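S.K.: Build the full structure now, drawing on both the sequences and the hints.
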Amino acid sequence: MIQSTQSSKRPLWLTLLGLAALVLTLVGAYLALFASPPDVNQRELIRIMYAHVPVAWIGFVAVGISAIWGMLYLWRGRPIDDVRAVAAADAALLFSLLTVIGGMTYSKPTLNTFWTWDAKLTLTALMVVLIVGYYIVRGLIDEPQRRARVSAVIMIIVLASLPFNYLAAEWFRTLHPAKSVNLDGSGVSMAPEMLRVLLINVAAAGLVFLYFLSERIRIGKLALSDAHARSGFEKPSPTTTGEVVRVR
Amino acid sequence: MFDNLGHWTWITLAWGQVVLAYVIYLLYLRRMERRIREGEPHE
Numbered sequence: 007m008i009q010s011t012q013s014s015k016r017p018l019w020l021t022l023l024g025l026a027a028l029v030l031t032l033v034g035a036y037l038a039l040f041a042s043p044p045d046v047n048q049r050e051l052i053r054i055m056y057a058h059v060p061v062a063w064i065g066f067v068a069v070g071i072s073a074i075w076g077m078l079y080l081w082r083g084r085p086i087d088d089v090r091a092v093a094a095a096d097a098a099l100l101f102s103l104l105t106v107i108g109g110m111t112y113s114k115p116t117l118n119t120f121w122t123w124d125a126k127l128t129l130t131a132l133m134v135v136l137i138v139g140y141y142i143v144r145g146l147i148d149e150p151q152r153r154a155r156v157s158a159v160i161m162i163i164v165l166a167s168l169p170f171n172y173l174a175a176e177w178f179r180t181l182h183p184a185k186s187v188n189l190d191g192s193g194v195s196m197a198p199e200m201l202r203v204l205l206i207n208v209a210a211a212g213l214v215f216l217y218f219l220s221e222r223i224r225i226g227k228l229a230l231s232d233a234h235a236r237s238g239f240e241k242p243s244p245t246t247t248g249e250v251v252r253v254r
Numbered sequence: 002m003f004d005n006l007g008h009w010t011w012i013t014l015a016w017g018q019v020v021l022a023y024v025i026y027l028l029y030l031r032r033m034e035r036r037i038r039e040g041e042p043h044e
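Protein chains in written order, with the numbering used here: chain A, 7 to 254; chain B, 2 to 44.
No lab work stands behind these hints, which were simulated from the structure alone. It cannot be assumed that every hint is accurate.
Subject to a maximum C-alpha distance of 25 Å in a straight line, what follows is the list of computed SDA-like cross-link-like pairs (lysine to any residue) [unchecked claim]:
id: 1; chain 1: A; residue 1: K114; chain 2: B; residue 2: R36
id: 2; chain 1: A; residue 1: K114; chain 2: A; residue 2: S195
id: 3; chain 1: A; residue 1: K114; chain 2: B; residue 2: V20
id: 4; chain 1: A; residue 1: K227; chain 2: A; residue 2: W19
id: 5; chain 1: A; residue 1: K15; chain 2: B; residue 2: R36
Just so we're clear, the structure is a prediction, and the values are computed from it rather than from any experiment.
M.R.: Okay, here's the thing in structure tokens:
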């Protein structure tokens, strides 16, 4: 049994981050559900957009961060980079699942269908399948270094699919609405009061992501130390290159 | 089955699933940490 150490306890800043995420989520939910005006076309259903769009954006960010840490693992071979990559992959799975299920919940009352196999939705479903595959592969490979390398490559493939996902609504016919906030500099086609509420909810989802990520990395480090202790290392060093340890 | 649901039912479902997912993930993290601290297998 591993002994609790000062470094493995939840630091104060992490508790404060969790509280900040909770408060901003409550504020965002209040603004979305009660303060935002109804939409001309969707009326009250626009309030679903404030839940759906932030989780979709943060899901993309989580995939990117997991892939970057995966690349760092491939480069440096440090177990801690794999711990960080898995932490971000957890969030990528959580937020991308919410994107798909939330999208279906948004689509049924507005477009009268839960799902259609067009490019945008199919690419999003493929992203979820690939992230699930990431965990299946991790469960199948016992050798830690090989497991970390293969799963890093999978997440890099997921990252490579994101530009196609982002542009699919423009390139192909799809039920998914065109983007209201464009990253190519062509501007924002959304009422300013709605945009403010959306951005507050994006910030809230971002804080929740940061909290989950930090908490998962802390627990991952704990597991890494535990694995070192079980394998007979006197002093765990999660940043040491090339060690064979079992981490989740 | 779903055709007669009101707007606020859909809105509640959409926001409720986000809150539920957050809570489930937090419980999963707590369970993982407890298992590690108690020395149980956590693969």
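S.K.: Next step is simple, just say for each hint if it's right about the structure.
M.R.: Going through the hints against the structure:
1. At roughly 40 Å between alpha-carbon atoms, K114/A and R36/B are farther apart than 25 Å, so this suggested pair is violated.
2. Only pairs whose Cα atoms come within 25 Å are accepted, and K114/A paired with S195/A is accepted, the gap being roughly 23 Å.
3. For the suggested pair K114/A and V20/B, the alpha carbons sit about 20 Å apart, so the restraint of at most 25 Å is met.
4. For the proposed pair K227/A and W19/A, the alpha carbon gap of about 17 Å is at most 25 Å, so the pair holds.
5. Between the alpha carbons of K15/A and R36/B the distance comes to roughly 15 Å, so the proposed pair stays at or under 25 Å and holds.
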